[in-house]
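Quick mapping for you: the protein sequence lines, in order, are chains A and Z.
Residue numbers for the first sequence follow our numbering, so the first one is 1 and each next one is one higher.
Residue numbers for the second sequence follow our numbering, so the first one is 1 and each next one is one higher.
Note that these hints are calculated values from the structure, not bench results.
Note that this is a predicted model, so its numbers are computed, not measured.
All the pointers check out, no bait thrown in.
Derived, one-sided and incomplete: chain A residues facing chain Z with beta-carbon distance under 10 Å:
1. I8
2. P65
3. A73
4. T75
5. S87
6. G175
7. Q176
8. A186
9. A209
10. P218
11. E240
12. S291
13. A298
14. H304
15. R310
16. T312
Beta-carbon label-pair distances, calculated as ranges:
17. A:H69 to Z:I73: 20 to 26 Å
18. A:E226 to Z:K184: 41 to 47 Å
19. Z:G437 to A:H69: 39 to 45 Å
20. Z:T124 to A:D171: 16 to 22 Å
21. A:R329 to Z:G457: 27 to 33 Å
22. Z:E9 to A:E193: 55 to 61 Å
23. Z:K205 to A:K2: 43 to 49 Å
24. A:D244 to Z:Q126: 27 to 33 Å
25. Z:T124 to A:R329: 46 to 52 Å
Cβ coordinates follow ideal geometry from the N, Cα and C atoms, glycine included.
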Amino acid sequence: MKHRGRGIACMWYPIGFTVSANPSAAVVKMNEDGTAVVLTGTVETGQGALAVLGQIAAEALGLAPDDVHLVSADTDATPMDTGAIASRTTYVTGNAIRLAAENARAVLFEVAAQVLGVAASQLEARDRRIQVKGFPQCGIPIGDVCKRAQSALGQPPIGSASWNPPTVALDPENGQGKPFGTYVYATQIAEVEVDDETGEVEVLRIAAAHDCGTPINPMLVEGQVEGGISMGLGFALQEEILFDRDGRQINPNLTNYIMPTALDMPEIDVDIVPNYDPTGPFGAKGVGEPSLVPTAPAILNAIHDAVGVRITSLPATSEKVLAAIKAKRGEGTKRLPA
Amino acid sequence: MADDQGVIERQRAAVEAAWRVEHARLPSAPGRTAPAVSPPAVPAQQIRAVGQRATRPDSRNHGLGQTKYICDIALPGMLHARIKRAGIASGRIKRIDTSAAEAMPGVKAVVVGRELPVNSFGPTFQDQPVLVDEVVRHAGDGVAAVAAISEDIAAAAVERIVVDYEPLPAVLDPIEAMREDAPKVHPPESNIYHRLTIRRGDVAKGFAQSDHVFAGRFTSQMVEHVPMEPHAAIADWDAAGRLTVWATIGRITLARSDLARTLQLPMNRIRLIGTIVGGNFGGKNEISQEPALALLSKKAGRPVKGVFSRGEEFTATTVRHPFIMEYRTGVTRDGRILARTARLILDGGAYCSWSETTLGKSCILAPGPYKIDNVSSEAVAVYTNKTMSGAMRGFGAPQVCFAYESHMDDIAAALGIDPLTIRLRNGFEEGSVSPTGQVLHSVVLKDTLRRAAERFGWEAHS
Numbered sequence: 001m002k003h004r005g006r007g008i009a010c011m012w013y014p015i016g017f018t019v020s021a022n023p024s025a026a027v028v029k030m031n032e033d034g035t036a037v038v039l040t041g042t043v044e045t046g047q048g049a050l051a052v053l054g055q056i057a058a059e060a061l062g063l064a065p066d067d068v069h070l071v072s073a074d075t076d077a078t079p080m081d082t083g084a085i086a087s088r089t090t091y092v093t094g095n096a097i098r099l100a101a102e103n104a105r106a107v108l109f110e111v112a113a114q115v116l117g118v119a120a121s122q123l124e125a126r127d128r129r130i131q132v133k134g135f136p137q138c139g140i141p142i143g144d145v146c147k148r149a150q151s152a153l154g155q156p157p158i159g160s161a162s163w164n165p166p167t168v169a170l171d172p173e174n175g176q177g178k179p180f181g182t183y184v185y186a187t188q189i190a191e192v193e194v195d196d197e198t199g200e201v202e203v204l205r206i207a208a209a210h211d212c213g214t215p216i217n218p219m220l221v222e223g224q225v226e227g228g229i230s231m232g233l234g235f236a237l238q239e240e241i242l243f244d245r246d247g248r249q250i251n252p253n254l255t256n257y258i259m260p261t262a263l264d265m266p267e268i269d270v271d272i273v274p275n276y277d278p279t280g281p282f283g284a285k286g287v288g289e290p291s292l293v294p295t296a297p298a299i300l301n302a303i304h305d306a307v308g309v310r311i312t313s314l315p316a317t318s319e320k321v322l323a324a325i326k327a328k329r330g331e332g333t334k335r336l337p338a
Numbered sequence: 001m002a003d004d005q006g007v008i009e010r011q012r013a014a015v016e017a018a019w020r021v022e023h024a025r026l027p028s029a030p031g032r033t034a035p036a037v038s039p040p041a042v043p044a045q046q047i048r049a050v051g052q053r054a055t056r057p058d059s060r061n062h063g064l065g066q067t068k069y070i071c072d073i074a075l076p077g078m079l080h081a082r083i084k085r086a087g088i089a090s091g092r093i094k095r096i097d098t099s100a101a102e103a104m105p106g107v108k109a110v111v112v113g114r115e116l117p118v119n120s121f122g123p124t125f126q127d128q129p130v131l132v133d134e135v136v137r138h139a140g141d142g143v144a145a146v147a148a149i150s151e152d153i154a155a156a157a158v159e160r161i162v163v164d165y166e167p168l169p170a171v172l173d174p175i176e177a178m179r180e181d182a183p184k185v186h187p188p189e190s191n192i193y194h195r196l197t198i199r200r201g202d203v204a205k206g207f208a209q210s211d212h213v214f215a216g217r218f219t220s221q222m223v224e225h226v227p228m229e230p231h232a233a234i235a236d237w238d239a240a241g242r243l244t245v246w247a248t249i250g251r252i253t254l255a256r257s258d259l260a261r262t263l264q265l266p267m268n269r270i271r272l273i274g275t276i277v278g279g280n281f282g283g284k285n286e287i288s289q290e291p292a293l294a295l296l297s298k299k300a301g302r303p304v305k306g307v308f309s310r311g312e313e314f315t316a317t318t319v320r321h322p323f324i325m326e327y328r329t330g331v332t333r334d335g336r337i338l339a340r341t342a343r344l345i346l347d348g349g350a351y352c353s354w355s356e357t358t359l360g361k362s363c364i365l366a367p368g369p370y371k372i373d374n375v376s377s378e379a380v381a382v383y384t385n386k387t388m389s390g391a392m393r394g395f396g397a398p399q400v401c402f403a404y405e406s407h408m409d410d411i412a413a414a415l416g417i418d419p420l421t422i423r424l425r426n427g428f429e430e431g432s433v434s435p436t437g438q439v440l441h442s443v444v445l446k447d448t449l450r451r452a453a454e455r456f457g458w459e460a461h462s
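Could you build the full structure based on these sequences and the hints that come with them?
This is the structure in structure tokens:
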């Protein structure tokens, strides 16, 4: 017989490295037509980091995302970056790029201020123009400003910056300190169906509410959460490297190391919880790693709700769940020989 | 050499013909969005970048299979490398004989560990050899590398390398490894190589004030990142003595430092290019085969590519730390947490890798996102003769979250409190203080709880 159950799990997760400095540097160069090139030492590892970082630069420069091109991950050409690790790219590299873009923009403001006859502090970059705040009709296309900066004034618009989250080292005695710049929060709730004859667990649906500060690109946040849930599902129910008694792996292949496929995926309802972190670029924090953190306990709590067994060792394979169900039955009424 | 060039030319012609057929009818990419001529009249139509569901700049290339991963890159005269793996968990190398491999037609270079100027690396402790020259500490350790004109020849050459081992005792269980008399993975050092304690308040007092005290023990398993693209790199040591490496690495700055250290090269003679990575998840945050590929390239005078097999992805790259977690929690009758202790044992495998970061993060996060005045969290990382544990998406957080959230539901059930209610009763709020004494900002934990419950249709029942 199949039993349904529901389970909840929440979590907190830090953005960036543990204690040690983890800086990023960035360079933003304006082209003569008002488009921009960003140099960053981070690496695109499939998560869409370059898309998000381009959007951050575009926002600071009053450009559209398509107007920004990123050059990444070349130690000859790109500035220092701690790398695509620890859910730090949007927050740390993003802050460096925002500051570098603002420094490039300051050159544009300086040039445009002379043309428009206003103080640089009264200008804003918006809609591909440098314009007077509150008077959008009084402005110049950003491409014209770039051309003028380079050709007339001999001052090509370029900006560089670096950023490192402010932290305080942990006290070696009691571990007190400020190890991270900020944290994100999330809750996932799973509904499962457990077959009490086979121990098989099917995850039917997961509601996932995640805080990432400002979602720079909500579509990519959803993608991270869905991908994290697939990883969390494998961690909860299927994946395990096994060793023989001599210390050799028994299942180092995708035939015997079982991981979730598209067919194992539940229905997922992603909710991006409104939030704004003043320390992040345009209020953003991060989402890469936290997406999988609460998945396994939500599923395990749902198994407990469905069939009343608490699996305390991951993964909750069918064999383990079935053994626990049988052991639980054994605790109750026993059939005696007639 | 003439024969090699013939083989390479034929392969290249075949690849190019296939490419032409496959890509003949690909549509071209759309042009750039037309620039706005004048500012839009309606503010809502203004150009915005942040918050937009913008299409990724790389999506078309990904979707059409045009993104160039290491496997798609071929340099003129490029060789292919394979690494000989130890296959035993613990042993001392008595002899390596590479002569039969070197004599094979098509084999251009062989490298062993002692040829590396500095044969050790690691982000915290430099305890991992590029290729083992003395002691094997887990079955996936590499002992020699071969470069040949094809992958098949390189694989066959690796089989002809003969290694004699003196078997050493292995320790596979982290609890056993913590015992004084356990075999040492890195003698004479203790197998416990890192520890951290976080303490706030007075747990003894907190437990004394509690109406109930609950205990739980939880364990988690070893898992692999399983990226679609395996670890891959190309090294090209040119005649001027400059090294260019294309690699699937998420941290190029650190990787260049490790290359400079292992090869004893000034950093300005190393160019490291991080290619688009086909999945990292923490598994590609440090070098692996790159220094060996560089030396093969130097010896052969040709670029050398190395691509790990799926088997090597499991046995020779980092994995997620298995954890043993013991929790004790003191609560009031109405489910408020007054004290909590967490004790964590991390199975680090043969080398430290990113254990220090994983241990730090898991130790800090272990008490959970809850307002607890009296907390103590202790963690140790332990060497065993198994695949090295390292960085993996979550850095120890998935393990402790599994423990503290399972434990939380057990407490809720015992007290007859709804699982959502007990979390809302204890959860962090704006200004809450973390176990390390950090005052937290932009805290929306309870919003996530309420909104997930609403989306799910959670109704309290106890």
